[in-house]
Amino acid sequence: MEIKYSEITKKYGDKKAVDGVNLTLNNGVCALLGANGSGKTTLMRITAGILDATEGSVSLDGRNIKALDSSYRNILGYLPQNFGCYKDFKAKDFLMYMCALKGIDGDFAKKRCKEMLEEVGLTEVQNKKIGSFSGGMKQRLGIAQSLLNEPSVLILDEPTAGLDPKERIRFRNMLCALSKERIIIYATHIVSDITFLADRVLIMKDGKIVADGSPEELIEIAVGKVWSVNVERSELSRIQARYSVGTIKDGDNGFVNVRIVSEGKPFEEAVNVKPELDDVYLYFFGEVSEDAEAD
Amino acid sequence: MLKLIKYEFVKIWNSRISSVVIALVLIISCCFSGYQIYKCKTGKVVTSINRSEYPGGIVSNKNIDNFRDELQEFEGREEIYETDSAVENFYAGYVLKGKYDVKEDDLFEKAVTGEITNEEYNKIISGYNSAPCIKEEYLAEYFALYYPITVYETAQRDKNIYFENSERADYELNKRIDYSMKAYNIADNLEKGIYYGYDYGWNVAEGVFDSVGILLIFVIIFGLCGVFSAEYNSGTDSLLMATKKGKNKLATAKILTGIIYSLICTIAGALVSYLPSLIVLGFEGGNVGYSVTHFQHLADKSVSLILACCVISLITLCFSAFFRKVTSIIFCTVLVSVAPIGITMFLTSANNMPFDAGVLLNTLPANMIINSHQVFQQYATIFQGLLTIRTLYISLVVSVLLIILVSLLVKVLYLKHRIRN
Ligand SMILES: Nc1ncnc2c1ncn2[C@@H]1O[C@H](COP(=O)(O)OP(=O)(O)OP(=O)(O)O)[C@@H](O)[C@H]1O
Ligand SMILES: [Mg+2]
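Protein chains in written order, with numbering that gives the first Met the number 0: chain A, 0 to 294; chain B, 0 to 420.
Just so you know, the hints here were simulated from the structure itself, not pulled from any lab data.
Misleading hints may appear alongside valid ones.
The following residues of chain B were derived to be distant from chain A, with all beta-carbon distances above 12 Å [stated by the list, open to error]:
#1 Met-0
#2 Lys-5
#3 Lys-10
#4 Ile-36
#5 Asn-65
#6 Tyr-141
#7 Ala-186
#8 Tyr-194
#9 Gly-206
#10 Asp-236
#11 Asp-299
#12 Val-397
Covered stretches of chain A, as calculated for chain B (at least 3 residues, CB under 8 Å) [what the hints assert, rightly or not]:
#13 14 to 26
#14 35 to 42
Note that beta-carbon positions come from the ideal geometry of N, C-alpha and C, so glycine has one too.
Bound conformation, chain A alone (with noise of 0.2 Å):
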């Protein structure tokens, strides 16, 4: 299967949120990677149906999304960023809701909805409404809800955000297990969590695609241009606010290591050190101010 986007641009005003995207999905995860306000909820929107792009088309093997209408929806599971529940709904009639939204009907809905509470780990507060639940309890339900249908194209909006760690591990083991024969698009700017599970990662920024690959070859971007060196304490605002800075460790005598994501040399005794993914996301979005730049 396969996800074409030609030339799609959404303009709100004169805003691009985003802008003339050219790209081909194919099975397997893919993460889309960009800072707030980086357009990836508006290209997910666009992408689930919900969102008329101002220009251009998204296509799922050659036919236009919105020829396919309702036979897209159905083999679309769809997590928003922020997504609202029925408060008054308990959290299997909220599932056997949307099973009934999604055509599933009868015994195997009750099915789906039983595997799913048990893989988000709510079987237990099944019959809790949800207008108790805890932020993180109901990202997990809309993470349920997504998969009931076994979508083809899924796509994630922010998944992850308000998980715990122990959540987090369990929803990555979990998109891990499902079968790589659909599309998964999974919005994010948590980059360790993409580090595992995705096979292509797009960094996005002002609307666009600014780099597009796998993991290993976004990494490769970043070869010769990550730097580590031991300055004085005092220094550090002073390159803070020169280059863009990844992690700092405290050593002695008043002196940091750190992580400086630069095209040249930074400083003398500044090593090359091998980059990660995290460095390659600071080389894109660890913007430095220009004045600083010049002096």
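Add chain B with the ligands to chain A, keeping to what the hints say.
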């Protein structure tokens, strides 16, 4: 589809405003019903007959003379009248207990001839609009003759008034046609026969139902204002719109929910209005009434209420699909639904009705609810008098058209709304 509708009802049921309003309306209508029944039971009602024990029947042109003859013969019998002392007892308070019913004319006669003093006469008249004179054991027999004649004469009088009005040159054509239709209708009834009899249960119920009808507007507006807007506000719309049935089918389900909700409201309204008074005051008398029997009234009224409620519920859904704020939805729906009442009142008071505007305005939903009595006995004339139809039929067509149009609009508004969350 049925499942989707079921869940919509669950959502309505879960919403606090709708349950509060439903409970309030239920309480108000129970109080109203109770008060009317209480008034009836204690005899504080201004109608000619205040008991259930007289037999009903049919009166028509054919048998009216028999009734008159029999009544004359009956009234000629000496033994049926009360003695003076019993009448005095009556003054002392029998009436207030509702034990006697009387002939006012006789009382007047007695006052004129000096048999009773003017003071006594006034006392009785002010306390009760009749006075005693026939013994209790003869009352049933008496009313069996007296009542059909009264019914017949009232109908006859109405017919004459309508007929005279229909002849008046200073009236507009359509008004005259309306009157002549009514006169014809009554004449027809007089020929075929009019049912008469005890019908208190039905009478009271009708009054209650007319008032409950207005309250239904609020049950509908408050019940349905969140059908779309609550999804928008809580952010569930982004979930719904991405599911197979969450667009078109869900919109259809919501519209059907609105229609079924109106239906249920009307039926519940009818039950709440009719059952208490029928149970307490008796089920008999449904076929009583000239021109419109109680059964017919209930049927006509229910049809017009269902249609009007459907239209109002769809208008509510329309605003619910458009606005997010509940106050805006309620304000706009009330404005649009109730506006025709205001326009009608304005046009009537300005005495400036263009052609049949008044009649036609009455076919709009809110007017249908408050003017239902008028609506189904009214006729509208179109094409210069070439066609005269009952306004109920116009309402039917107008409502069905409105329902289709507004449903389409609701769908478009829902599908085109912008997701915010
Ligand atoms: N309904 C809207 N009206 C106007 N502007 C909008 C609307 N929705 C999004 N935007 C703008 O479009 C841009 C992209 O927003 P989007 O929600 O897609 O970002 P995002 O990458 O998902 O961010 P985040 O990581 O915070 O979720 C932002 O600048 C935002 O202000
Ligand atoms: Mg987002």
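Hint-by-hint comparison with the structure:
no. : hint     : verdict
1   : Met-0    : 9 Å, violated
2   : Lys-5    : 8 Å, violated
3   : Lys-10   : 7 Å, violated
4   : Ile-36   : 37 Å, holds
5   : Asn-65   : 67 Å, holds
6   : Tyr-141  : 62 Å, holds
7   : Ala-186  : 58 Å, holds
8   : Tyr-194  : 51 Å, holds
9   : Gly-206  : 38 Å, holds
10  : Asp-236  : 8 Å, violated
11  : Asp-299  : 38 Å, holds
12  : Val-397  : 34 Å, holds
13  : 14 to 26 : violated (count 0)
14  : 35 to 42 : violated (count 0)
Of the numbered hints listed earlier, those contradicted by the structure are 1, 2, 3, 10, 13 and 14.
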